[in-house]
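Whole structure, please, built from the sequences with the hints as guidance.
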Amino acid sequence: MTDPVLHLDDIVKTFPGVRALDGVSFSVMPGEVHALMGENGAGKSTLMKVLGGIYQPDGGSIHVGKERVTMAGPLEAKAKGIVFIHQELSLAEELSVAENIYLGELPRKSFGRVDWHRLAEQTNLILQKLNVGFDATTRVGDLSIANQQMVEIARALTVDAKAVIFDEPTASLTDAEKVVLFDVISDLQKEGVGIIYISHRMEEIFKITDRISILRDGQYQGTVNTAETHEEAVTQMMIGRKLDLSRNETHHELGDVALEVRGLSCGKLYEDISFEVRRGEVVGFYGLVGAGRTEIAETLFGLRDPSAGQILLDGEEVRITSPNDAIARGISLVPEDRKGQGLVLGMNCRDNMTLPQVQDLTSGPFVAEGAEVAIFDQYRDRLDIRTPGWKQLVGNLSGGNQQKIVIGKWLSMHPNVLIVDEPTRGIDVGSKSEIHKLLRELAAQGYAVMVISSEMPEVLHVADRIVAMYSGRIMRTFTSEEVTEDSLIQAISGLGGHEAA
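Residue numbers for the sequence shown follow the numbering used here, so the first one is 1 and each next one is one higher.
Do not rely on the hints blindly, as some may be mistaken.
Stated by the list, open to error - Derived SDA-like pairs: lysine to any residue, alpha-carbon spacing no greater than 25 Å straight-line:
id : residue 1 : residue 2
1  : K78       : D183
2  : K207      : K391
3  : K190      : L173
4  : K49       : E168
5  : K129      : S110
6  : K49       : A146
7  : K391      : N348
8  : K339      : H117
9  : K268      : K162
10 : K78       : K190
11 : K129      : F111
12 : K339      : D464
13 : K268      : S144
14 : K339      : I85
15 : K78       : Q221
16 : K49       : P388
Unchecked claim - Pairwise CB distance ranges, derived in the manner of DEER restraints:
id : residue 1 : residue 2 : range
17 : P107      : A72       : 33 to 41 Å
18 : G290      : R68       : 30 to 38 Å
19 : S144      : E231      : 28 to 36 Å
20 : Q359      : R118      : 52 to 60 Å
21 : T484      : S144      : 25 to 33 Å
22 : Q236      : T484      : 28 to 36 Å
23 : E369      : Q310      : 39 to 47 Å
24 : Q357      : L312      : 20 to 28 Å
25 : D9        : A72       : 13 to 21 Å
Just so you know, the hints here were simulated from the structure itself, not pulled from any lab data. Computed from a predicted structure; not experimentally measured. The beta carbon of each residue, even a glycine, is placed where N, CA and C say it ideally should be.
And the structure:
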């Protein structure tokens, strides 16, 4: 019988007050795509950091092939043939694509000089496999987030890998780039490389994986063959309960128009955008990458200046020139990039949660700590944020719990209009359901909610109306009763333009 390329046996890792991993074991076979799934905080990231030598386990063993290994750090893990492609980018933006891909391993000529010609050749050969539109000399900081993710993926193709770990690799990719990624994974399989694939996207898991291992609260729940299971069974193993995936209908009267946009334009980013959001309503914005959805949200929040058009709040035209203006007028934005725009990673959970209103929580010259803690406790319970306490640094939380901190921060401001950009990116299926339910509840309480999402099931599930965008324009606006997947796909592909809103 073929030996596993990677085997973890009874891995234990404890932090002060938290047993993050409690006897986790699983194996990856040559040429296998093995999914690792679990809720945010289940221990997936901790396990990968143990495997990568960032953390040392308190118990258990790691075997690469037949060799028992101790990973002293990321370089040793790479030397053993374990390659990581991280969800959170770890690139040097000022360096070229080639320098990033071969960082620490630049080809050399005599006297230690870098062989720039060979470096460019090697890099361009790899980039051709990925079918990207940039070359070895391109500065990484000039690339889109999606293309930067492709640079991360290119790193895996530079070494003789035994196992490659993909952590939410498609989070920033377009559909076309996903196809390329899956082709790369297929090629690695043919070469006998074992793949660990970490993702919350069930459709991807059931499309490309052979087996699925599940963690819950740091404990191994079991491994199943993908072809012999289904989404509901995997979800139940992940969260320990049956998930209610039905739409959370709230029967309530819609209120007045809270936000109206008339003929809004912003250079070449979007043009002649008109829509309204009523109190008690969730309006979804759906489209391909580059459709202009995020840019509209940034304009409403004062991060971009419109070149034409009007913004009206409660029927009154307003000019929003900064985020402070937006916040003062009751507009809140949960941004797409939680780490870059939504959080201060070196601050604790409580301070992140109360940052926009810290001036209102002062007692004399001091911040009222009790009031801050009360706000944090309220939204930790409401959003099921998993953290040992408010003193925990946000940078130490899982991606999903970080996202919940951002959402809680803006909910605590009790906005009139809540704009949520990719609310469940990188969040597990159980937490997604909770956030979807929360968005519907907020609408029932009278909030006007805008949801921007790249996931069709999400907008179909939460939105009362869906605005379909293509290339900076609104093509059509659907009600939840009339929308179909086919009509929505046609609209965001630029078809059916005669019905443009």
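Could you see if the CB distance from D9 to A72 stays within 13 to 21 Å? Since the Cβ atoms of D9 and A72 sit about 19 Å apart, the hinted range of 13 to 21 Å holds.
Take the C-beta atom of G290 and the C-beta atom of R68, compute their distance, and say whether it sits inside 30 to 38 Å. 49 Å, violated
Can the restraint linking K339 and H117 be considered satisfied, given a maximum Cα separation of 25 Å? 36 Å, violated
CA of K129 to CA of S110, is that 25 Å or under? 30 Å, violated
So does T484 sit 25 to 33 Å from S144, Cβ to Cβ? 31 Å, holds
Just to be careful, I want the Cα atoms of K78 and K190 compared with a cutoff of 25 Å; is the pair within it? The given pair, whose Cα atoms are some 20 Å apart, holds under the 25 Å limit.
Given the hinted pair K268 and S144, is their Cα-Cα distance within 25 Å? 17 Å, holds
Hey, K207 versus K391, does the alpha-carbon distance stay inside 25 Å? Violated - the C-alpha atoms of K391 and K207 are around 40 Å apart, more than 25 Å.
Pairwise hint evaluation, I85 against K339, where the allowed Cα distance is 25 Å at most: 18 Å, holds
Honestly, do P107 and A72 meet the 33 to 41 Å range at C-beta? Distance hint for P107, A72 is violated at roughly 25 Å.
For Q357 and L312, compare the CB-CB distance with the range 20 to 28 Å and indicate the outcome. At roughly 25 Å between Cβ atoms, L312 and Q357 fall inside 20 to 28 Å, so the hint holds.
Would the hint linking K339 and D464 be met if the CA-CA limit is 25 Å? 29 Å, violated
Violation of the numbered hints given earlier is confined to hints 2, 5, 8, 9, 11, 12, 15, 17 and 18; the remaining hints are satisfied by the structure.
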